[in-house]
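Enquirer: Protein chains in written order, with the numbering used here: chain W, 1 to 87; chain L, 1 to 227.
One or more hints might be untrue.
To be verified - Okay, derived cross-link-like pairs now, DMTMM-like style, lysine to aspartate or glutamate, Cα gap no bigger than 20 Å in a straight line:
hint, chain 1, residue 1, chain 2, residue 2
1, W, Lys-59, W, Glu-16
2, L, Lys-21, W, Asp-57
3, W, Lys-75, L, Asp-31
4, L, Lys-162, L, Glu-143
5, W, Lys-59, L, Asp-20
6, W, Lys-75, L, Asp-63
7, L, Lys-194, L, Asp-149
Because the hints were derived from the structure by calculation, they are not lab data. Predicted model, so just to flag it, every value in this text is computed and none were measured.
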Amino acid sequence: MPDKVKATNEAGESVEIEVLAAFTIPDFSRNYVIYSYNETDPNGLAKLHVSQLTEQDGKYTLANIETDDEWTRIKNVMREMITGGNA
Amino acid sequence: MPAYNYIEFNPNIPTVITGDKIIALQQSGKDKIRPGYANFLASKSAAPAAPASPALEEVESLDLNAPANVTPVINGADFQQPPAELDPKTPLETAMVEPFNVDTAAPVQTPVTQPPVDAVPSVPAEAPVVSAPSNNQKISAVEFVSQVDKLVDMADFDEASKNLIRNHIRGDVATASIVNDLNTLKLEIFDVSKQVQTVRSNIAPAPSQAPQANAQEGPTLNYSQAA
Chain W
1 MPDKVKATNE AGESVEIEVL AAFTIPDFSR NYVIYSYNET DPNGLAKLHV SQLTEQDGKY
61 TLANIETDDE WTRIKNVMRE MITGGNA
Chain L
1 MPAYNYIEFN PNIPTVITGD KIIALQQSGK DKIRPGYANF LASKSAAPAA PASPALEEVE
61 SLDLNAPANV TPVINGADFQ QPPAELDPKT PLETAMVEPF NVDTAAPVQT PVTQPPVDAV
121 PSVPAEAPVV SAPSNNQKIS AVEFVSQVDK LVDMADFDEA SKNLIRNHIR GDVATASIVN
181 DLNTLKLEIF DVSKQVQTVR SNIAPAPSQA PQANAQEGPT LNYSQAA
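Bound conformation, chain W alone:
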């Protein structure tokens, strides 16, 4: 797993992200990626970004999470990762 990845944001700017995990949720048949800009929020917590990961024509696209249900499932996965489970 690479520490840093070069990516392009919506503004066309090149940004550097840290990919923490990439996973799939079989129920949704979709892939997701957890990454960070190495930022902290005002409370000192690490800010993590989560996007839907698609690969097409030799290019990754990190897109927004579409539904609340999907986002809830992703957070549950994150909890399992943190607590060490891998159902």
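Position chain L against the provided structure of chain W, taking the given hints into account.
Expert: Just chain L now, kept in the frame of chain W:
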């Protein structure tokens, strides 16, 4: 079916970011999401801390204590103090509503609609309360004027005289030089009424005079002349 499976992310594939969700997490949680990330963090420990987000944006925090099947919708304070429970013995300040103070001793003043009268001076809002000694009851200036109007209406006056009295009374009320006894006022009004009737009788036309000859009847025949 497993809840999730790790997949490989190829750093050599061009990546475009079009959208994301943001969530806040403790650094230790970040370390656990990526196995072996602790070493990476340790290597960065000497580096200056990452700048915080300039805006105080609300970032959802991942509540590790939440059941997996429950949707946590918590902002910011997940890893901080839980919200203090309300002490049921302590009354809420918002419940301390001052009761509406109804002074039952105060007379209820009913607005009185006055008939339009030309050139009638208005009664000032701060007009004094009139005392009626007959029943030891205080009335407002508005009610006083209303009583006057009723008395005047009952009197046998023509409309011009009524208006004259109304103007006079209202003018007195406006200048606070008012008659403070309604009974006296009533007597005065009827006394005026009698005077008016007397004046009317004095200027009444004289007893009916003999009707003049009808011009259309033509000359009277004098029988003596005819004879």
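Enquirer: Hints numbered earlier in the text: which of these fail when held up against the supplied structure?
Expert: Hint 2 alone not satisfied by this model.
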